[in-house]
Structure formats: C-alpha cells, structure tokens
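Residue numbers (this note's numbering), protein chains in the order written: chain U, 1 to 398; chain L, 1 to 236.
Honestly, I wouldn't trust all of these hints.
Said to hold, decoys possible - Only some residues are given here: those of chain L computed to face chain U with a beta carbon under 10 angstroms: (1) 15; (2) 59; (3) 60; (4) 80; (5) 81; (6) 105; (7) 107; (8) 110; (9) 115; (10) 143; (11) 144; (12) 147; (13) 148; (14) 172; (15) 175.
Stated by the list, open to error - Computed cross-link-like contacts, BS3-like style, restricted to lysine-lysine with a CA-CA straight-line distance of at most 25 angstroms: (16) U:253 / U:223; (17) U:223 / L:152; (18) U:253 / L:152; (19) U:223 / L:117; (20) L:76 / U:377.
In short, the hints are calculated from the structure, not lab data.
Computed from a prediction, not measured in an experiment: that's the story for all the values here.
Note that beta-carbon positions come from the ideal geometry of N, C-alpha and C, so glycine has one too.
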Amino acid sequence: MAAESFRWESGVQRSWSSLVESNGHLVDSSGSALLRKRRRAEAPGAVRRGMIRYLYVIVDRSRSMSERDPVLRPTRAAATSSLLTEFIHAFFTQNPISNVGLIVTRDGVAEKLTDLSGSPRAHVEALRENLSTSGDASLQNPLEMALTLLQNIPEYGNREVLICYGSLSTTDPGDIFATIAKLKRARIRVSVIGLTAEMQIIKTIVRETGGSLGVVCNVDHFKQLLEGHLVPPPTSGKRASMRAEFVQMGFPKRLQSSAAVLGYERGKMHYLQSGFECPRCLTRASEVPSSCAVCTLQLVSSPHLAQSYHHLFPLPRFTEVPVEEQAGRCSGCDTEFPAAAAAMAAEGGAGGAAGAAGAAAADEALRARYQCPDCKKFFCIHCDIFAHESLHNCPACT
Amino acid sequence: MSLLTVVVDVGTARWSTRRGHDELVSLKGTFEALVIFFSAHLLMHRQNQLRVVASHESGAVVLYPSSGGPTPSSMKTQVMAQLEALLGGGGSGGSSGGGAAIASALSKALCHANRAKQANPALSCRVLVLQAARDLDSEYNTIMNCVFAAQKLGVVVDTCVLSREPSTFMQQAADQTGGAHVHLQKGKDAPAQPLLQQLLMAFLPSADERRVLQLPHATSIDLRAACFCHQVITLS
Numbered sequence: 001m002a003a004e005s006f007r008w009e010s011g012v013q014r015s016w017s018s019l020v021e022s023n024g025h026l027v028d029s030s031g032s033a034l035l036r037k038r039r040r041a042e043a044p045g046a047v048r049r050g051m052i053r054y055l056y057v058i059v060d061r062s063r064s065m066s067e068r069d070p071v072l073r074p075t076r077a078a079a080t081s082s083l084l085t086e087f088i089h090a091f092f093t094q095n096p097i098s099n100v101g102l103i104v105t106r107d108g109v110a111e112k113l114t115d116l117s118g119s120p121r122a123h124v125e126a127l128r129e130n131l132s133t134s135g136d137a138s139l140q141n142p143l144e145m146a147l148t149l150l151q152n153i154p155e156y157g158n159r160e161v162l163i164c165y166g167s168l169s170t171t172d173p174g175d176i177f178a179t180i181a182k183l184k185r186a187r188i189r190v191s192v193i194g195l196t197a198e199m200q201i202i203k204t205i206v207r208e209t210g211g212s213l214g215v216v217c218n219v220d221h222f223k224q225l226l227e228g229h230l231v232p233p234p235t236s237g238k239r240a241s242m243r244a245e246f247v248q249m250g251f252p253k254r255l256q257s258s259a260a261v262l263g264y265e266r267g268k269m270h271y272l273q274s275g276f277e278c279p280r281c282l283t284r285a286s287e288v289p290s291s292c293a294v295c296t297l298q299l300v301s302s303p304h305l306a307q308s309y310h311h312l313f314p315l316p317r318f319t320e321v322p323v324e325e326q327a328g329r330c331s332g333c334d335t336e337f338p339a340a341a342a343a344m345a346a347e348g349g350a351g352g353a354a355g356a357a358g359a360a361a362a363d364e365a366l367r368a369r370y371q372c373p374d375c376k377k378f379f380c381i382h383c384d385i386f387a388h389e390s391l392h393n394c395p396a397c398t
Numbered sequence: 001m002s003l004l005t006v007v008v009d010v011g012t013a014r015w016s017t018r019r020g021h022d023e024l025v026s027l028k029g030t031f032e033a034l035v036i037f038f039s040a041h042l043l044m045h046r047q048n049q050l051r052v053v054a055s056h057e058s059g060a061v062v063l064y065p066s067s068g069g070p071t072p073s074s075m076k077t078q079v080m081a082q083l084e085a086l087l088g089g090g091g092s093g094g095s096s097g098g099g100a101a102i103a104s105a106l107s108k109a110l111c112h113a114n115r116a117k118q119a120n121p122a123l124s125c126r127v128l129v130l131q132a133a134r135d136l137d138s139e140y141n142t143i144m145n146c147v148f149a150a151q152k153l154g155v156v157v158d159t160c161v162l163s164r165e166p167s168t169f170m171q172q173a174a175d176q177t178g179g180a181h182v183h184l185q186k187g188k189d190a191p192a193q194p195l196l197q198q199l200l201m202a203f204l205p206s207a208d209e210r211r212v213l214q215l216p217h218a219t220s221i222d223l224r225a226a227c228f229c230h231q232v233i234t235l236s
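Put together the whole structure using the sequences plus the hints.
So, in structure tokens, the structure goes:
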C-alpha cells in the first residue's frame, strides 16, 4: 500500500465485507476500529499535571459557521454544538474538580454565554439554545474577554482557552499581538481547533502561549482532537518551578431526610430533600462540586478527586505478544485465546487482493495477546482497551 | 435477562480475624446461603447468567463457570469443589501480603461484563460484592477506578458488608452506580437479619424491578477523603 499514493491506483477496497450481523446489529469484524482505539489510549508516562483546570471554550458563531460543509453535517455550527456537548460531559467526567465557561463571537464582538462552573447542565443548555450565526468572527475580542475573566483565578489553577474557529479571517479592534503578549504574561494556554484551514495568526497565538493546534479533516478527527483536550496538559515553563501549594477544600456528608431542609441551589435558596452539608458552616448545598454559598469553601467529594488520580498514575502500555498454540485464557475476561492455526484458516476466505494484506495484519493484532509489564499476565485486545480507556488499572495486579 | 457476577471475599486471613468477635455468619454458612441465592437468580429468568469470582490472597479466581459445561443442577457442586480447591491448595502464596484482592476480582468481573455487553448490547449486568472484613486503604484507588468504569459501562454494583465495621468504600461504590448497600449487623434491640433474607430481598430483583420496590437505602453517605500519604480518613 505504501507504493500507491492515490485511491484510484490501489485496488477496490470492499469495506462492506468486514461488516457482520450479530444480534440484530451490524458489527465491524475487521478489527481496524479496535486497533485505532488501542493506539489512541496511549499512556504518556508520569508527568506533572495541573488537575484543577479553568477552561473557557470560545465558539465561533459567524456567517461561515452556517455554511454547508461536506465534512461537518448539517452545518458547522450544529456539528460543533453536538460535539462540544459530548466534550463537556466527558470533560467533567475526567476532570470533576475543574470549571468550564462559554464565550461566543459573532458580528465582530464577543459575548459571554455562561460563567465558569463545575456542572455541565448550564453549558449544555446554553449551547443548545444559541445556534444563531451572523456577521464576522473576531479573535481579539473573545481573547480579551477570557483574559479579564481568568485574571482572578488563583495560582494553582490551570488557565486554558479552547477556540473552535470556522472563519478564514478575523475582525479586531486593536493590536492582537499586544493581546498575545498579555495572554503570555498571564500564563493562559490557548489551543485552537480549526474547522476550515490553518491561519498564520492562529499558529502564532498557539505557539506563543504553548497550546496545541489542529485542523479537522472529518468528524472522527474532530472528536479525536477534542479528546486530546480531556487530559490535563503537562505543567511547563514558569509554572513547573512553582512549589506546590495546599488548597483548602471541604468534604461534605450527603444527608437525606424525609422533611425538606432549606439549602442553596445554584445561588438561590430552595427546600432540599437531600443535600450536602458544608463541614465548616453546616449549610446545605444541592450539588457537589461547588463552592459553599455562605463561607465560599470549595466542596468536593472524595470520588471526584479519585476520578482525577488516573491522570497522575497512568497504566503502562501492555506489550504485544504473538499468539501461540495452547495460549490459555485471558486473565481479564477469561475467554480462550484462539490458537494460531485457527486464525490462518479464517483469513483464507477474506476477499480482495489489496484488502487481504491489511486485513491479515489487523486480524493478527486482534488475536495477539497483550502482556502487563508488572504482573506478566496476558489479556485479549478487548480487555486491553477496556483497561486503558475506562478501568485505568491492570485487572490481575494485586 | 441479566448477568449477575458475585465477588466473594474468601481470604483466609480476613475470615480468621472475625473469629472471636460476635460473628454473624461463618464462611460455610455464607456459601450455603449464597448457593441458594445463585439458584434463585438462575430461576428468575431462563436466560439469566451467573458468574462467581472469589477474591483470595493468591489473587482472584473464577469459581463458576469453571471449565466444563455449566448446568444449574451441578452448579452447587462446581462452586463448592472449586472453593475447596482454592482454600485447601493455595495457602498464603499471595503477593498482596495478607490482603485480599477485592479490587482485582472486581476488575475481572468488569472486564467480563464489558466483553459480554459487546457481544450482546441488550444484556443488563450487575455485580454483587460481599466483603468479609474491613476496608484495605491501599485499595482505595483501584476500587474507585473500578466504580467509575462500572458507572461508565452502566453496570450496577451492589455491596454487602459482613464485618462489624462499616465500609466507606462499599457505600460509595453502591451510591455512585445506583446499587443497594447492606451492612449486616445487629440492631440495638433486634437480632441480626439472616444473610439469605437480605440477599433475596435486596439483591435478587433486577434494576427494572427495583424501581417499584421499597429497598434499603443509605441515609447518610460518608464522602470524606483519605490522606494521600498515610491513608488516614480526614476528620472534618
């Protein structure tokens, strides 16, 4: 496949032949999807990361976002909204003690949609309601707004901005390079996901502030770029030399009572049946993580903290070991490994001359065993992906 | 139609610490009650599946279904035979040094549930964990990782604590995944509830059936964290 560079030069690839019906669903049996998933769940090694992130997402709502795009259906704005909704849910799952805010840019100005908060509800609703597009996009205005809003964040927080930009131009009132210098001084990390093309000014912003840039090729790539922002970025530069600070947090107890008790819900007083009691002032809050409405103590529950641990202690990558005769059973799900001979026989029926070589390699990897470097037990590819993506620990290590 | 995986804590060291206390059930009594519970689960629906994983010092071992055809009539003999083999032969060759591998057993149960769900997306899975002794602080991280993975997968984790001390890990696990938590203990005036009664009442109904039943729920959940270096619960 390496010699042929164009699709019409290679043979016909019958991608539909790998789909198999199982239990009323169509399942991709070629395994290439699984392999791609495995490659994505890579462990980068233990590095210092800031767990408490304050992220502003700047969404472009200019004229160019309502154009029909061959890649992002039906319009760029709708596709971006749905993917950002998924991203926000996943973000709070992976970073439960962080905060997200939304800013939109249309008609050359920036508008704050939602404040920084730790609950996904407000952001998702705002994204759903705000689909109108008009005018030009601006880069300087939302960045200045994010700068003002992020200035009061304490030192231990990671200040980040993520821009989803779909225009090919920007309308700015002043010198954007001065804004870039201010962002750099405030240690704000700006990353951009371009929906149309790469622009020099975007490259400059990203390079100066230490962020990352990606331009989407298709919906899957867009999802992949967003997934790249779920993991907290490694601490670098001046922040790395800061000594660690202690942050005061409260761990409330959850109490349920038959009689409703007065408490705070999103800043307003309500009667609550079940609430979280602040350990310092005993006021009830309706949800956690949040900050106490009376004494402003950060309220967190220990499961939330535990959800961030896996970023600090990532599971090392399992080494691939080719399949053998009498291979035994997977130490995770206890299914038998298929023996090498059976694997060869199955490939004989695969169609397409060009497809066979690729399919054979994929099947080989599917049937291979994966070994944990610590306990030396073997796992199948499904358990390997599950352990790295969801479980974050080896099932057999005690 | 559901898959029930039962994780039982059978570490010999853990059960032997209970002797001398005012113990409610012995290991033998627990398994007698469990086998009846297993049969009840298999009878609830003809496509129900069962899996039993024992957590022991030497690691997590699958008791049922072991290699050989699983049929309900021989389920009891399979389980008891595998249990005897595990307790008789193993000894203390484990690497965890006196602790049981509840986290490892729970991880394996979830790996299998993940595989089963991929093969049949309509299958509803639950896991029941029976803990015999107090929490092992070193396992907090791993158990919480398993709980979040279960939450993501849509697997309900029920927990039952057989020791006298309450277990915060088990409370949090049941709370996060929407399962039931039961702590078998003597009330102030009432005698201890028998294990089989609790199993059949609280853990036998499936997730759909639980919506219309009145089940025990925790009134207060301890969400305090443990100090990272010394693993001591922070006092607020």
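These are the hints, each one checked on the structure:
1. 15: The hint is violated - residue 15 of chain L has no Cβ within 10 angstroms of chain U, the shortest such distance being about 18 angstroms.
2. 59: holds (6 angstroms)
3. 60: This hint holds: residue 60 of chain L lies near chain U, its Cβ roughly 8 angstroms from the closest one there, short of 10 angstroms.
4. 80: violated (20 angstroms)
5. 81: violated (18 angstroms)
6. 105: holds (9 angstroms)
7. 107: Given a least distance of 4 angstroms, the restraint on residue 107 of chain L holds.
8. 110: holds (7 angstroms)
9. 115: Result: holds, 4 angstroms to nearest chain U Cβ.
10. 143: holds (9 angstroms)
11. 144: At 4 angstroms from the nearest chain U Cβ, residue 144 of chain L passes the 10 angstroms test, so the hint holds.
12. 147: holds (7 angstroms)
13. 148: Constraint on residue 148 of chain L satisfied, holds at 6 angstroms.
14. 172: holds (6 angstroms)
15. 175: Constraint on residue 175 of chain L satisfied, holds at 8 angstroms.
16. U:253 / U:223: The hint is violated at about 37 angstroms.
17. U:223 / L:152: Measuring from Cα to Cα gives roughly 18 angstroms; hence the hint holds.
18. U:253 / L:152: holds (24 angstroms)
19. U:223 / L:117: Holds. Residue 223 of chain U to residue 117 of chain L sits at ~24 angstroms (cutoff 25 angstroms).
20. L:76 / U:377: violated (29 angstroms)
Hint compliance for this structure: hints 1, 4, 5, 16 and 20 are broken, all remaining hints hold.
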